[in-house]
Amino acid sequence: MTLQNFINDALSPWLNTEGIDNDIVLSSRIRLARNFEQVPFPTSGDTAAMEKVLQFIDQEFNQQTFQDFKQFQLVKMSDLKPIEKRGLVEKHLISPNLAENEQTGAVLISKNEQASVMVNEEDHLRIQLYFPGFELTKALEKAEQLDDWFENRTRYAFDEKRGYLTSCPTNVGTGLRASVMMHLPALSMTNQMNNLIPEINKLGLVVRGIYGEGSEALGQLYQVSNQMTLGKSEEDIVEDLKSVVKQVIESERRAREWIMEQLGIQLEDRIFRSYGILANSRVIQSKEAAKCLSDVRLGIDMGMIKNVPKTILNELMVLTQPAFLQQYAKKQLAPNERDVFRANLIRERLQLEH
Amino acid sequence: MKCQRCHENEATIHYTQVINSEKTEVHLCEQCAEQEGYMNFNEDHFSIHQMLTNMFPFDQTMNHQQKVQTQESLRCDRCGTTYQEFRQRGKFGCSKCYQAFESYLDPIFKRVHGGNTNHVGKIPKRIGGNLHKQRELDQLQGKLNQLVRDEAFEEAAQVRDQIRKLKEEINQDKGGEA
Chain A
0 MTLQNFINDA
10 LSPWLNTEGI
20 DNDIVLSSRI
30 RLARNFEQVP
40 FPTSGDTAAM
50 EKVLQFIDQE
60 FNQQTFQDFK
70 QFQLVKMSDL
80 KPIEKRGLVE
90 KHLISPNLAE
100 NEQTGAVLIS
110 KNEQASVMVN
120 EEDHLRIQLY
130 FPGFELTKAL
140 EKAEQLDDWF
150 ENRTRYAFDE
160 KRGYLTSCPT
170 NVGTGLRASV
180 MMHLPALSMT
190 NQMNNLIPEI
200 NKLGLVVRGI
210 YGEGSEALGQ
220 LYQVSNQMTL
230 GKSEEDIVED
240 LKSVVKQVIE
250 SERRAREWIM
260 EQLGIQLEDR
270 IFRSYGILAN
280 SRVIQSKEAA
290 KCLSDVRLGI
300 DMGMIKNVPK
310 TILNELMVLT
320 QPAFLQQYAK
330 KQLAPNERDV
340 FRANLIRERL
350 QLEH
Chain B
0 MKCQRCHENE
10 ATIHYTQVIN
20 SEKTEVHLCE
30 QCAEQEGYMN
40 FNEDHFSIHQ
50 MLTNMFPFDQ
60 TMNHQQKVQT
70 QESLRCDRCG
80 TTYQEFRQRG
90 KFGCSKCYQA
100 FESYLDPIFK
110 RVHGGNTNHV
120 GKIPKRIGGN
130 LHKQRELDQL
140 QGKLNQLVRD
150 EAFEEAAQVR
160 DQIRKLKEEI
170 NQDKGGEA
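Here the protein sequences line up with chains A and B, keeping their order. Once you know that position 209 of the first sequence is 208 in numbering that gives the first Met the number 0, the rest is easy, because the numbers rise by one and skip nothing. Once you know that position 52 of the second sequence is 51 in numbering that gives the first Met the number 0, the rest is easy, because the numbers rise by one and skip nothing.
Among the hints, a few may not be true.
Covered, in the sense of this in silico footprint (three residues per stretch, anywhere, with C-beta under 8 Å from a C-beta of chain A), are these stretches of chain B [stated by the list, open to error]: (1) 135-146; (2) 153-164.
Think about it this way: if two alpha-carbon atoms lie no more than 27 Å apart in a straight line, the pair counts; the simulated DSS-like pairs of lysine-lysine are [said to hold, decoys possible]: (3) A/K141 x B/K142; (4) A/K160 x B/K124; (5) A/K160 x B/K142; (6) A/K201 x B/K1; (7) B/K109 x A/K290; (8) B/K124 x A/K51.
In short, the hints are calculated from the structure, not lab data. Just so it is clear, CB atoms sit at the ideal spot from N, CA and C, and this is done for glycine as well.
When you get a sec, could you build the whole thing from the sequences and use the hints?
This is how it looks when you write it as structure tokens:
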């Protein structure tokens, strides 16, 4: 398989489409947690009940078409190899938690991979929708329609006082988690993230690095999402998140202008050095790759690098994760071997652009 | 200290095992620890678990014995989840658990959801029926009060008529169900 074909296979098609404010907001996601009435939640460990849920979803929704998201295909965890499951996790189509439910876990994935519905994760259904760029309102609107589509053929566990009932008390009410993936290199470079994160937390929102452990956010990629799901309408939750994200976008833009003024040629040097590393290295660890990819993406957004597509950052962040590297290498890789294949893949990917 | 398995990475997992008073110490890096099965790296689990253990406030109004008695007897009659299990795992077993543990839920929800205990968002169309109308009625009542305060009596009269019509509909629905 050529690299281009591998990439086309490995990436969700919507990743390559342009979105609003996508120099900073790479993608928007809406997730709704839903359960069926009368059936114990997956958390109860009632396997027979979960099997029934899976059967029902298979009968009613497998191969069905929802609007322009095209056909849904049901993928059962029991049919997948560990590396395939890991690949779905790296594409954010399923959670690590679902991958562990080998017996009754499954996911409905729309043909364009914008919608994925996890079955028998912590809740019976986890409806997820992705949009490129800053598109929370549109994503919510579509998610509600998809939710109605499911609701037409089933009965949800719903209580007049508490709303949609979920396994975890943190999701009850709307069951809604709205989030955006943001690239914040200039705020990180100017050490403003450490002040910004607690401020955003105070507003009831959560900020965390998407890749990497602890406080370190690899590739300067952050997820901002709502925490409260009860006592606010879906629209208000999304509006409140949007207004904070807009402020973060403004701060990042100002910080970019500031570093450009202050650092000038130094910034350009840093960006082109990073490009040089990606284009030439023979061994590269995920941490260094992430840093360089973030720099190159910033260089593209600031007009310094012209022959590389914007999507290089999110694309290569996904492709250089362990499971995809191993699919690309077509064999199991030890950590140090991964670093060699990672370097190869990145080099070849950059050559595709010339 | 280097990892004792791969001798390459820094050891970050330190594990002491005592079997028959024989003590063994294990020092591994994260990758090796995961492969050896010492721990499961799943940040989500970890942080959620931490959050949930902080989430359950102790009920200070009851004395210890009362508390133990009530909690032991509390059990969801559909899925069998006890209140103790709910507290430990931080997860409900089924939708009926919400009724079974109802008297304990408000403080938990308040803590997690910024003081809120009641849902105000979307209502499923199927179950909704009257609830949709009730919500609309509440909204119209608020609007009417505002209009009266603003002395916009013509508009207020229109809203009053809407409210009357909606109330009739709700009563009819109730009659139909009975």
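| field | Verdict on chain A covering the segment 135-146 of chain B, where coverage means 3 or more residues with a C-beta closer than 8 Å | value | Per the Cβ count (0), the hint is violated.
| message | Just to be careful, I want the Cα atoms of A/K160 and B/K142 compared with a cutoff of 27 Å; is the pair within it? | response | 23 Å, holds
| request: Below or equal to 27 Å on CA atoms is what counts here, so check A/K141 against B/K142. | output: Violated, because 30 Å separates the two Cα atoms, which is more than 27 Å.
| request: Would you mind confirming whether the straight-line C-alpha gap from A/K201 to B/K1 stays at or under 27 Å? | output: 40 Å, violated
| query | CA of A/K160 to CA of B/K124, is that 27 Å or under? | reply | 16 Å, holds
| Pair hint outcome, B/K109 versus A/K290 [Cα-Cα no greater than 27 Å] | Not satisfied, since the Cα-Cα distance of roughly 40 Å exceeds 27 Å.
| query | Are B/K124 and A/K51 close enough, with their CA atoms no more than 27 Å apart? | reply | OK: B/K124 and A/K51 at ~24 Å, within 27 Å.
| request: Go check the segment 153-164 of chain B versus chain A for me, would you? Three or more residues, Cβ under 8 Å, otherwise it fails. | output: violated (count 0)
The structure fails to meet hints 1, 2, 3, 6, 7 from the earlier list, while all remaining hints are met.
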